[in-house]
Amino acid sequence: NAGVTQTPKFQVLKTGQSMTLQCAQDMNHEYMSWYRQDPGMGLRLIHYSVGAGITDQGEVPNGYNVSRSTTEDFPLRLLSAAPSQTSVYFCASSYYRVRRNSPLHFGNGTRLTVT
Amino acid sequence: TQLLEQSPQFLSIQEGENLTVYCNSSSVFSSLQWYRQEPGEGPVLLVTVVTGGEVKKLKRLTFQFGDARKDSSLHITAAQPGDTGLYLCAGGLNRGGKLIFGQGTELSVKP
Numbered sequence: 502n503a504g505v506t507q508t509p510k511f512q513v514l515k516t517g518q519s520m521t522l523q524c525a526q527d528m529n530h531e532y533m534s535w536y537r538q539d540p541g542m543g544l545r546l547i548h549y550s551v552g553a554g555i556t557d558q559g560e561v562p563n564g565y566n567v568s569r570s571t572t573e574d575f576p577l578r579l580l581s582a583a584p585s586q587t588s589v590y591f592c593a594s595s596y597y598r599v600r601r602n603s604p605l606h607f608g609n610g611t612r613l614t615v616t
Numbered sequence: 064t065q066l067l068e069q070s071p072q073f074l075s076i077q078e079g080e081n082l083t084v085y086c087n088s089s090s091v092f093s094s095l096q097w098y099r100q101e102p103g104e105g106p107v108l109l110v111t112v113v114t115g116g117e118v119k120k121l122k123r124l125t126f127q128f129g130d131a132r133k134d135s136s137l138h139i140t141a142a143q144p145g146d147t148g149l150y151l152c153a154g155g156l157n158r159g160g161k162l163i164f165g166q167g168t169e170l171s172v173k174p
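Just so you know, the protein sequences line up as chains X and V, in that order.
Residue numbers for the first sequence follow the numbering used here, beginning at 502 and rising by one.
Residue numbers for the second sequence follow the numbering used here, beginning at 64 and rising by one.
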């Protein structure tokens, strides 16, 4: 099983550039989410979706856009990259029962550097 | 402001020692999950606790959910070098199904 696939693994951007981080899952999970991981900050929720056509903001949504046109895909768009967006980005999915006992399945992350 | 406070942030111990990691909040969670993350990979679920006062054991790891469902702990008995990694607690919120993570505990177990 592929699980959650994130591309690219590494990316370097210049300030002001835009890009899309791709995330795809093959487990038919309703819930998908994006987190960023910074030293000493744990994982912070950027955006999430409970199904196709439905998205909502997490703790740190500014500077990022998402859309969910299919169950499988949940791309994260950086509109105008800033050095503060240098981070490791994780996509995660689960059945839509996160409040009970459905685990999040994570991709292996995208390491983004903005210069 | 961090909704989930995890402590300690760093822990370096010798093989065979015991340790406890704490996860505290002023919020009530519907569930509490613990994950372990290795370098270059995403976190992987260790356990989920959903009932106040619940205790779960996974070999040498013991997980406890506080009675009020605001805090949790992870206790490792006789730590081994293979336990080295980043341990993350995550609380499930009733509103919107979001999962909020603590800052993580970087554990290093030296042989």
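No lab work stands behind these hints: they were computed from the structure.
Ideal Cβ placement from N, Cα and C applies to all residues, glycine included.
Mixed in with the good hints there might be a few duds.
[Said to hold, decoys possible] With beta-carbon atoms standing in for the labels, derived distance ranges:
#1 S90/V <-> M542/X: 13 to 21 Å
#2 D557/X <-> A131/V: 26 to 34 Å
#3 I555/X <-> T83/V: 38 to 46 Å
#4 V91/V <-> S568/X: 46 to 54 Å
#5 G79/V <-> G564/X: 44 to 52 Å
#6 E104/V <-> M542/X: 38 to 46 Å
[Claimed, not checked] With the C-beta cut set under 7 Å, the calculated list includes, among others, these residues of chain V facing chain X:
#7 Y85
#8 E104
#9 G105
#10 P106
#11 V110
#12 G165
#13 Q166
#14 G167
[Claimed, not checked] Here are a few chain V residues that sit away from chain X, every Cβ distance over 12 Å (derived from the structure):
#15 G79
#16 T83
#17 Q100
#18 K122
#19 T125
#20 G129
#21 G155
#22 E169
#23 P174
Status of the hints after comparison with the structure:
no.: 1; hint: S90/V <-> M542/X: 13 to 21 Å; in the structure: holds, 18 Å
no.: 2; hint: D557/X <-> A131/V: 26 to 34 Å; in the structure: holds, 27 Å
no.: 3; hint: I555/X <-> T83/V: 38 to 46 Å; in the structure: holds, 39 Å
no.: 4; hint: V91/V <-> S568/X: 46 to 54 Å; in the structure: violated, 32 Å
no.: 5; hint: G79/V <-> G564/X: 44 to 52 Å; in the structure: holds, 46 Å
no.: 6; hint: E104/V <-> M542/X: 38 to 46 Å; in the structure: violated, 18 Å
no.: 7; hint: Y85; in the structure: violated, 14 Å
no.: 8; hint: E104; in the structure: holds, 5 Å
no.: 9; hint: G105; in the structure: holds, 3 Å
no.: 10; hint: P106; in the structure: holds, 5 Å
no.: 11; hint: V110; in the structure: violated, 9 Å
no.: 12; hint: G165; in the structure: holds, 5 Å
no.: 13; hint: Q166; in the structure: holds, 4 Å
no.: 14; hint: G167; in the structure: holds, 5 Å
no.: 15; hint: G79; in the structure: holds, 28 Å
no.: 16; hint: T83; in the structure: holds, 18 Å
no.: 17; hint: Q100; in the structure: violated, 8 Å
no.: 18; hint: K122; in the structure: holds, 18 Å
no.: 19; hint: T125; in the structure: holds, 18 Å
no.: 20; hint: G129; in the structure: holds, 17 Å
no.: 21; hint: G155; in the structure: violated, 4 Å
no.: 22; hint: E169; in the structure: violated, 9 Å
no.: 23; hint: P174; in the structure: holds, 26 Å
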